[in-house]
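Asker: These protein sequence lines are chains V and E, in that order. My numbering applies: residue 1 is where the first sequence begins, and numbers increase by one. My numbering applies: residue 1 is where the second sequence begins, and numbers increase by one.
Listed next, the in silico EDC-like pairs over lysine to aspartate or glutamate satisfying Cα-Cα at most 20 Å (straight line):
| hint | chain 1 | residue 1 | chain 2 | residue 2 |
| --- | --- | --- | --- | --- |
| 1 | V | K23 | V | E6 |
| 2 | E | K290 | V | E262 |
| 3 | V | K266 | E | E281 |
| 4 | V | K71 | V | E269 |
| 5 | V | K201 | V | D244 |
| 6 | E | K214 | V | D84 |
Source of the hints: derived by calculation from the structure; they are not laboratory data.
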Amino acid sequence: MYQITEARFLAQDIKLFKIKEPKIAEKRKAGQFVIIRIEEHGERIPLTIADSDTSDGTVTIIVQGVGKTTKQLNMLEAGDEIMDIVGPLGMPSHIENFGTTVSIGGGVGTAIAYPTAVALKQAGNHVITINGARSKDLVILEEEMKEVSDEAYITTDDGTYGHHGFVTDMLQKLIDDGTKIDFVLAIGPIPMMKAVSDLTKPHGIKTIVSLNPIMIDGTGMCGGCRVAVGGKVKFACVDGPEFDAHDVDFKNLTDRNRMYQEYEKKSLELYEHECKLNKQIVKT
Amino acid sequence: MAEFLPPKERMAIPKQIMPEQDPLERRNNFNEVNYGFTKELAIKEAQRCLQCKTATCIDGCPVDIKIDDFITLIVEEDFLGAAKKIKEDNVLPAICGRVCPQEEQCEKTCVLGKKYEPVAIGRLERFVADIEMEAGVEPVPVTTPKKGKKVAIVGSGPAGLSCAGDLIYMGYDVTVFEALHELGGVLVYGIPEFRLPKEIVRKEIHNMEKIGVKFETDMVIGRSLTIDELMQEEGYGAVFIGVGAGLPWFMNIPGENLVGVYSANEFLTRVNLMKAYLFPEYDMPILDMKGKNVAVMGGGNTAMDAVRISKRLGAKHSYIVYRRSEIEMPARVEEVHHAKEEGVEFLMLTAPIEMVGDEKGRIKAMKCIKMELGEPDDSGRRRPIPIEGSEYILDIDVAVIAIGNGSNPLIHQTSPEIEVNKWGNIVVDADTMKTTRKGVFAGGDIVTGGATVILAMGAGRKAAKAIDDYLSNGKEWKY
Ligand SMILES: Cc1cc2nc3c(=O)[nH]c(=O)nc-3n(C[C@H](O)[C@H](O)[C@H](O)COP(=O)(O)OP(=O)(O)OC[C@H]3O[C@@H](n4cnc5c(N)ncnc54)[C@H](O)[C@@H]3O)c2cc1C
Ligand code: FES
Numbered sequence: 001m002y003q004i005t006e007a008r009f010l011a012q013d014i015k016l017f018k019i020k021e022p023k024i025a026e027k028r029k030a031g032q033f034v035i036i037r038i039e040e041h042g043e044r045i046p047l048t049i050a051d052s053d054t055s056d057g058t059v060t061i062i063v064q065g066v067g068k069t070t071k072q073l074n075m076l077e078a079g080d081e082i083m084d085i086v087g088p089l090g091m092p093s094h095i096e097n098f099g100t101t102v103s104i105g106g107g108v109g110t111a112i113a114y115p116t117a118v119a120l121k122q123a124g125n126h127v128i129t130i131n132g133a134r135s136k137d138l139v140i141l142e143e144e145m146k147e148v149s150d151e152a153y154i155t156t157d158d159g160t161y162g163h164h165g166f167v168t169d170m171l172q173k174l175i176d177d178g179t180k181i182d183f184v185l186a187i188g189p190i191p192m193m194k195a196v197s198d199l200t201k202p203h204g205i206k207t208i209v210s211l212n213p214i215m216i217d218g219t220g221m222c223g224g225c226r227v228a229v230g231g232k233v234k235f236a237c238v239d240g241p242e243f244d245a246h247d248v249d250f251k252n253l254t255d256r257n258r259m260y261q262e263y264e265k266k267s268l269e270l271y272e273h274e275c276k277l278n279k280q281i282v283k284t
Numbered sequence: 001m002a003e004f005l006p007p008k009e010r011m012a013i014p015k016q017i018m019p020e021q022d023p024l025e026r027r028n029n030f031n032e033v034n035y036g037f038t039k040e041l042a043i044k045e046a047q048r049c050l051q052c053k054t055a056t057c058i059d060g061c062p063v064d065i066k067i068d069d070f071i072t073l074i075v076e077e078d079f080l081g082a083a084k085k086i087k088e089d090n091v092l093p094a095i096c097g098r099v100c101p102q103e104e105q106c107e108k109t110c111v112l113g114k115k116y117e118p119v120a121i122g123r124l125e126r127f128v129a130d131i132e133m134e135a136g137v138e139p140v141p142v143t144t145p146k147k148g149k150k151v152a153i154v155g156s157g158p159a160g161l162s163c164a165g166d167l168i169y170m171g172y173d174v175t176v177f178e179a180l181h182e183l184g185g186v187l188v189y190g191i192p193e194f195r196l197p198k199e200i201v202r203k204e205i206h207n208m209e210k211i212g213v214k215f216e217t218d219m220v221i222g223r224s225l226t227i228d229e230l231m232q233e234e235g236y237g238a239v240f241i242g243v244g245a246g247l248p249w250f251m252n253i254p255g256e257n258l259v260g261v262y263s264a265n266e267f268l269t270r271v272n273l274m275k276a277y278l279f280p281e282y283d284m285p286i287l288d289m290k291g292k293n294v295a296v297m298g299g300g301n302t303a304m305d306a307v308r309i310s311k312r313l314g315a316k317h318s319y320i321v322y323r324r325s326e327i328e329m330p331a332r333v334e335e336v337h338h339a340k341e342e343g344v345e346f347l348m349l350t351a352p353i354e355m356v357g358d359e360k361g362r363i364k365a366m367k368c369i370k371m372e373l374g375e376p377d378d379s380g381r382r383r384p385i386p387i388e389g390s391e392y393i394l395d396i397d398v399a400v401i402a403i404g405n406g407s408n409p410l411i412h413q414t415s416p417e418i419e420v421n422k423w424g425n426i427v428v429d430a431d432t433m434k435t436t437r438k439g440v441f442a443g444g445d446i447v448t449g450g451a452t453v454i455l456a457m458g459a460g461r462k463a464a465k466a467i468d469d470y471l472s473n474g475k476e477w478k479y
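Using the sequences plus the hints, can you model the full thing?
Answerer: Spelled out as structure tokens, the structure:
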């Protein structure tokens, strides 16, 4: 069992957790992830490591409650325990001094873009960050991103904060303004990553995306996380999760990620029904 | 005590039939198929043994179990004594009695088998092991004084478990590191409940804990810790690598990434380890197979396990698609027989050449080609050759690829000095299981490629002996 030492919401449905596991805290590098399992009947889900603290041996993850497991996780508080955490898994991000880099985080993807932005900064890059969200109250890590950035931008789809529009509008603006961009890292929902990829390709800007296929073991054993990259089959858990965006088959990734949509819905409905019943029992 | 009969009478006893679940019933559940011998059946079967002067059956056993002795003890109705006798050479008899390919091993070299059916050695092994387990016999306590030296075992499959089991009795501090959240390797994530109940594996591992073996789950060596760190920072004097052959092969044909195409490892892990057959009680799902058509590519135990699972998940048609003919199939004879009884359809001399999808990227059919057998190849099996113009379409909803595993590269990535061959298998000295790195030994599927439980166990034992020798005598590392 592994203890949660801190838990707080960053925005609606987006929660930050610190979990005690000194070995991972010490080892992890930007871009790597952990796999967790909450309880005996739980599934194994991958979550990117947002940060870690070697002084208290904790690993930070940021979770958006969308399906049953993530919603169940977001019910947990400091002091609670989870059954399993394993990692750090995956290849660390490839970091070097590229020159000018743009780190783009969409929604909870910002949590994943953040540690790499830190590493890029440490490597001496001119770091630009674009932090995108649907709406003002969903913007996360604003302060943290600002701190590591030479230029920090925020975009909201509905214009309630920062620039009105998508992260790609901002990126387009930078390109149009003549910013010489050497490297882009985009992390977020698949359509966003694809849009960034389509935008940078004609400009020949090296672009990396962090993929989030369905995983089980995270060690290369099951092949469930396979993605088509440059016409070749790659296992995201050991070869990735970061890949050259211009080579990724996003359509296949989208299809494969939707494989269990109905099941996930059913699972969530049952869970929410159960939660409601439990609440009623507590009331009476 | 039952009587020892004169040879003529022994030969007159027919092979005893082990009771099993009715095929029509069992294909709807995940309960164990075989019930095992009753005492009466076991004694009768044991009485068939000719008690040959030189027991040739032992030649067929990879770990030299004293088969004649344990069978004698069964006739004498000393079942616990028989179990103890087996355990001198095989620490996991309840498992091996269920999954060993006996027809290729001890039962193949049984003299009785030349003229009649061989003695059902595997079933007798299982019988006494189960009796011992039910009786709750405690494991033999470790009496050897502690040596104060630590050994790390990487992987908790049969190779790692047997190595750990031997080392603990030699007085070492033994810790097993396992990547997954459950212990047992293929025994828990690969082989299904209806063939090997997980409770048995759990009990065996619990017994090992009782005698002092430490287990650490959620530890991926090569990521969480490297071999270097184990030896230089964590103080392990020797390491045994038994990580299995965990890297699924695909066929490299178009459409293999379609939704509904599984590797056998993923399919089996979802069902066996994550209990997807109990969804939504358990969170991990597997595609609904009720009334659907499922094709499993391959002819080994893995393929048989996957296809029989698909039947249990309600598939209308469950096909085995294999490019050679039935006699070349490497699966245990009993599994093939059981699969047929359960309604599995065998499409022999058939190879898929393309997976065809719908607009949502889901598999809907498979283009196949018929094969014929030509000259024998390197493996001694006749090589399958495609018959031109014989392509046809097979409508399917789920495909499972069970054509074997390569080796997982995680350890090699962080410890490149441990030499591997061109298939990624770790290279070892055959007598000592020493790798090219000082203090590191390896055995099981990571060395041989996908093989058997008993061979993996044999390798683990061999390595334990060599590790003891290395740590006691501090010998130079000669590889
Ligand atoms: C579906 C199926 C059915 C089979 N049926 C039979 C049968 O009926 N009879 C038979 O004799 N054989 C059978 N086999 C083969 C047999 O199971 C294997 O030969 C045997 O399990 C190999 O043992 P092992 O200890 O080498 O590896 P495994 O059993 O594969 O165990 C390796 C363990 O190491 C762990 N591991 C891997 N990498 C790491 C790492 N980096 N760090 C930490 N841990 C790691 C894995 O998670 C796993 O738990 C079957 C195999 C399969 C897949
Ligand atoms: S998650 Fe199983 S191989 Fe990547």
